[in-house]
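Protein chains in written order, with this note's numbering: chain A, 387 to 695; chain B, 36 to 319; chain C, 49 to 356.
These aren't lab readings, by the way, just hints derived from the structure by calculation. Certain hints may be false.
[Unchecked claim] Listed below are several chain A residues computed to face chain C (Cβ distance under 8 Å; list not exhaustive):
#, residue
1, Ile613
2, Thr617
3, Asp635
Cβ coordinates follow ideal geometry from the N, Cα and C atoms, glycine included.
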Amino acid sequence: MANLLLSPLEKMYILHGVRDDCRSDGRTNIDYRPMELETDVVSHASGSARLRLANTDILVGVKTEIDLPNNDQPGYGKLEFFVDCSANATPEFEGRGGEQLANSISNMMQKAYQSSDAFDLKQLCIFEGKQCWKLYIDILILECGGNLCDAVSLAVKAALYNTRLPSVKTALLDGGNVDLQLSDDPYDNKLLNVDLAPLLVTLCKIGDKFVVDPSAEEENCSVISLIVGATGNKTNYNIDNKKNESCTDSKCTTIVMNGSGSLAPKTLKNAIKQGIEAVQFLDQALGQALLRERRENVTMKKYSYGFLK
Amino acid sequence: MAEIYKLIHPVKYFNDYLTREVRPDGRKFNEQRNIKLNVKSLKCVEASAVVKCGNTTVVCGIHLKLAAPKPEEPDRGFLVTNVEVPALCSHKYKPGPPSDSAQVTNFLVSDIIANSKCINLKDLCIVPEKLTWVIHCDVVCLDNDGSLVDACIMGIMASFKTLELPKVLYDIETGHIEVDDAARTPLQVHGLPIASSFAIYKLGDRNILLTDPSSYEEDMCGGVGENFIVSSNKDLLSGTHKYGGNKLDTEELERALTIAKERAYCLENVIETCITNSEPTNNE
Amino acid sequence: MPIDYRRFNGPEDSVSYKQYTKNFLKSYEELCNELIDENEHRKDGRALDEARTMYARTNMISQAKGSSYVELKKTKVVCSVFDPREIPNKNEFSPLGQIYCEVKFAPFSCPRKRRALVPDAEEKDLSLSLKKALEPAVCRYAFPNYQIDVFVYILEHDGACLAGAINAAGLALANAAVPMYDTITACSIAVIEDKLYVDPTEEEEYVANMTPAKEGINHGIITVAMLSTLEQVAGFTQLGSMDGTCVINATEILQKECQNIVPIIHQILVKDVIHNIDLSEKLEKEAKLREAALNENMEEWKKLLSAD
Numbered sequence: 387m388a389n390l391l392l393s394p395l396e397k398m399y400i401l402h403g404v405r406d407d408c409r410s411d412g413r414t415n416i417d418y419r420p421m422e423l424e425t426d427v428v429s430h431a432s433g434s435a436r437l438r439l440a441n442t443d444i445l446v447g448v449k450t451e452i453d454l455p456n457n458d459q460p461g462y463g464k465l466e467f468f469v470d471c472s473a474n475a476t477p478e479f480e481g482r483g484g485e486q487l488a489n490s491i492s493n494m495m496q497k498a499y500q501s502s503d504a505f506d507l508k509q510l511c512i513f514e515g516k517q518c519w520k521l522y523i524d525i526l527i528l529e530c531g532g533n534l535c536d537a538v539s540l541a542v543k544a545a546l547y548n549t550r551l552p553s554v555k556t557a558l559l560d561g562g563n564v565d566l567q568l569s570d571d572p573y574d575n576k577l578l579n580v581d582l583a584p585l586l587v588t589l590c591k592i593g594d595k596f597v598v599d600p601s602a603e604e605e606n607c608s609v610i611s612l613i614v615g616a617t618g619n620k621t622n623y624n625i626d627n628k629k630n631e632s633c634t635d636s637k638c639t640t641i642v643m644n645g646s647g648s649l650a651p652k653t654l655k656n657a658i659k660q661g662i663e664a665v666q667f668l669d670q671a672l673g674q675a676l677l678r679e680r681r682e683n684v685t686m687k688k689y690s691y692g693f694l695k
Numbered sequence: 036m037a038e039i040y041k042l043i044h045p046v047k048y049f050n051d052y053l054t055r056e057v058r059p060d061g062r063k064f065n066e067q068r069n070i071k072l073n074v075k076s077l078k079c080v081e082a083s084a085v086v087k088c089g090n091t092t093v094v095c096g097i098h099l100k101l102a103a104p105k106p107e108e109p110d111r112g113f114l115v116t117n118v119e120v121p122a123l124c125s126h127k128y129k130p131g132p133p134s135d136s137a138q139v140t141n142f143l144v145s146d147i148i149a150n151s152k153c154i155n156l157k158d159l160c161i162v163p164e165k166l167t168w169v170i171h172c173d174v175v176c177l178d179n180d181g182s183l184v185d186a187c188i189m190g191i192m193a194s195f196k197t198l199e200l201p202k203v204l205y206d207i208e209t210g211h212i213e214v215d216d217a218a219r220t221p222l223q224v225h226g227l228p229i230a231s232s233f234a235i236y237k238l239g240d241r242n243i244l245l246t247d248p249s250s251y252e253e254d255m256c257g258g259v260g261e262n263f264i265v266s267s268n269k270d271l272l273s274g275t276h277k278y279g280g281n282k283l284d285t286e287e288l289e290r291a292l293t294i295a296k297e298r299a300y301c302l303e304n305v306i307e308t309c310i311t312n313s314e315p316t317n318n319e
Numbered sequence: 049m050p051i052d053y054r055r056f057n058g059p060e061d062s063v064s065y066k067q068y069t070k071n072f073l074k075s076y077e078e079l080c081n082e083l084i085d086e087n088e089h090r091k092d093g094r095a096l097d098e099a100r101t102m103y104a105r106t107n108m109i110s111q112a113k114g115s116s117y118v119e120l121k122k123t124k125v126v127c128s129v130f131d132p133r134e135i136p137n138k139n140e141f142s143p144l145g146q147i148y149c150e151v152k153f154a155p156f157s158c159p160r161k162r163r164a165l166v167p168d169a170e171e172k173d174l175s176l177s178l179k180k181a182l183e184p185a186v187c188r189y190a191f192p193n194y195q196i197d198v199f200v201y202i203l204e205h206d207g208a209c210l211a212g213a214i215n216a217a218g219l220a221l222a223n224a225a226v227p228m229y230d231t232i233t234a235c236s237i238a239v240i241e242d243k244l245y246v247d248p249t250e251e252e253e254y255v256a257n258m259t260p261a262k263e264g265i266n267h268g269i270i271t272v273a274m275l276s277t278l279e280q281v282a283g284f285t286q287l288g289s290m291d292g293t294c295v296i297n298a299t300e301i302l303q304k305e306c307q308n309i310v311p312i313i314h315q316i317l318v319k320d321v322i323h324n325i326d327l328s329e330k331l332e333k334e335a336k337l338r339e340a341a342l343n344e345n346m347e348e349w350k351k352l353l354s355a356d
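Modelling step: build the complete structure from the supplied sequences, incorporating the hints.
Right under this line is the structure:
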């Protein structure tokens with residue numbers, strides 16, 4: 387997006403639009419662009435999701451493997467993120483161009499999921515100190531249209547929601563080795579609890595205000611953005627739609643400043659609050675979409691669009 | 036004035052000093068720089084040493100690990116020495132994987148330590164074929180102002196002398212390992228290898244031997260780093276290494292060996308004094 | 049993992065002996081209770097909101113343009129800055145100068161494990177955070193198409209690494225006479241069980257990153273880098289899980305702590321300037337003495353010549 391050239395007047399137009407809360411594409415400062423989400427698109431993965439946010443296209447696949455837990459964390463599983471920036475996404479990704487961006491995104495995700503409030507790694511434990519599940523989350527960026535972090539976090543949460551782990555029938559300890567038997571039935575599986583999984587929101591500072599989901603042109607107008615990662619909400623994923631469960635506040639799991647500028651402390655604090663609010667809205671919307679997908683799955687009425695849509 | 040002269044006529048500037056039998060930093064030809072040694076300065080490792088020879092600064096730290104020995108050598112432990120020359124120590128090194136000269140330094144230091152047999156690898160074995168110690172000895176150069184090898188060897192030896200191994204209980208039947216952190220025995224160190232670096236400068240038809248050269252002198256003498264390194268171990272010559280630069284005749288060689296021998300005495304004294312001085316504070 | 053042929057590698061399956069010692073695995077509660085006594089004093093006797101005293105100096109590395117050393121009790125950080133050089137492997141003209149940052153842990157720096165010699169994810173992440181924090185502080189327009197190398201080496205890690213690295217880098221950049229908008233200072237805070245630990249040690253950071261026993265308790269680490277005179281936040285990183293009010297409270301405390309470090313940095317820089325002035329005066333005097341001696345010689349020779 388560095389190739390994008392904007393004249394000072396075009397920048398002024400965007401700046402004034404943001405000031406008056408009416409952006410060049412008609413959105414307000416807190417509006418997202420339309421999104422398309424579909425889960426279960428890759429049959430060979432344990433869980434998968436594809437998300438399209440305007441021109442940004444992301445495919446996430448979750449693979450599972452059995453691994454040894456770390457020595458200092460015997461009761462925990464492992465989670466690993468890998469981002470691949472396809473050379474088709476944008477000309478800059480050719481060769482090793484996308485590597486740095488890919489690293490920074492996977493680092494962001496790793497940090498956001500580190501806390502147990504965000505994702506409980508205990509649910510990946512099979513046999514304490516001996517065996518655990520390791521989830522490889524492969525994120526494929528197919529097309530890049532700005533705002534990658536937000537889109538990736540949404541797609542990852544959807545893919546994890548869709549992930550099925552095979553049920554463990556028996557796990558016996560036999561002379562130091564674990565004897566494991568997994569269920570043969572493909573429908574006998576365990577779903578992960580990802581209600582609290584975090585979402586990332588990029589807040590781009592344009593003029594004096596912050597906007598969410600910036601387009602490539604808007605990203606060009608700002609020198610500093612703030613990425614706020616906060617946990618989701620349990621009630622959004624409650625399948626019975628019961629509202630009796632206490633609504634917990636979103637918690638920040640990671641906040642990072644991005645770009646070469648700096649911020650006044652007061653602006654920073656406002657931005658953090660705005661970011662948490664945005665995450666709550668986003669999580670609600672994602673929850674609805676995922677619940678609908680799951681209902682369709684259960685009733686076998688789901689129509690798969692894949693990449694045809 | 037002198038700085039400008041140095042930049043415009045680097046060779047003439049250097050020659051002017053050497054013809055007056057003095058080096059640009061005021062030292063005589065066979066004079067070494069001040070040495071500062073400090074042991075046990077890092078708290079989170081088993082043994083450590085900080086060495087300063089003039090401006091050259093190296094830090095050495097030792098980590099202990101346990102591993103199964105190699106099947107072909109079931110009663111020997113592992114000693115892994117690595118010299119890291121990061122980009123921050125001099126403008127000659129660039130970030131990324133170690134350069135060729137950094138690798139040469141690394142291999143040379145490891146060779147000198149391994150060949151001196153100052154540590155008997157059999158001492159490191161806990162249970163043959165099952166369990167041995169692995170000594171990870173890492174040396175980091177913070178400031179490279181010449182004679183890096185000397186400082187590295189000194190740092191490693193000072194750390195070895197202060198290293199204590201914890202007691203290990205190994206149950207052969209179950210393979211259960213228990214380590215008692217409080218009961219420690221000092222590691223046996225045999226001999227004390229010392230390295231002395233020289234640079235050789237050709238002034239007219241005369242060869243000048245510079246003891247303990249600084250980075251600037253090494254550059255002026257050609258080649259990369261030190262020209263000539265003598266390693267000795269307790270009065271015995273254990274090796275000489277000649278790298279590039281000017282040639283060395285027999286007479287010069289003999290002089291170098293005598294200087295190296297005197298220097299080795301001096302350095303041995305420094306290490307011994309430093310370790311004995313550090314002990315009372317340790318007992319408190 | 050490919051084998052690194054440029055260095056010596058030990059046996060692959062070696063493990064640290066510490067995991068076989070008796071007190072290797074402790075529960076969260078044990079670790080948590082160890083950190084603080086009933087009088088709200090930490091292990092090293094500090095109060096919760098008390099930062100460690102900082103020792104810092106400049107001119108640490110003779111070969112570098114500017115260098116510094118920062119010590120926060122056991123955390124020891126060395127930083128060196130080199131002259132600007134042309135940006136390698138780049139065809140495009142960049143109107144702003146670049147800052148290249150590299151943070152490296154010494155292999156023996158961490159108490160829990162031996163660091164690999166090849167850079168790992170944490171080091172890359174620290175380098176990126178350092179770069180982001182320094183960019184708003186340096187007048188980058190002053191050296192277009194050039195890059196300044198900033199190397200940070202962490203000799204011993206006892207918490208607040210990023211803060212130490214930023215402080216050291218700011219000091220080294222000033223020592224190297226790189227034009228800057230303001231003094232950059234940084235500080236971190238650890239949140240454990242809703243308590244705020246200013247300037248945490250490695251042990252405190254470890255517990256802050258651990259999973260708490262109860263759900264819904266704030267934990268994590270925040271590091272803030274500030275340009276205090278301009279009142280701007282240059283870098284902000286947060287990790288863990290905490291609610292919005294906790295983040296904002298911690299930020300306010302850190303803002304003050306960052307301000308407290310500024311006079312220390314200024315003092316060192318003033319000392320540095322005075323030292324340099326003294327040195328140049330001394331050199332000038334020596335040069336004058338030498339010149340006078342030479343002139344005397346000349347006079348003598350002239351006399352000799354005229355006598356002949």
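Checked hints:
1. Interface hint at isoleucine 613 of chain A: violated, since its Cβ lies 10 Å from the closest Cβ of chain C, which is beyond the 8 Å cut-off.
2. Interface hint at threonine 617 of chain A: satisfied, since its Cβ lies 7 Å from the closest Cβ of chain C, which is below the 8 Å cut-off.
3. Look at aspartate 635 of chain A: its Cβ gets to within about 6 Å of chain C, closer than 8 Å, so that hint holds up.
The earlier numbered hint that this structure contradicts is number 1, and it is the only one.
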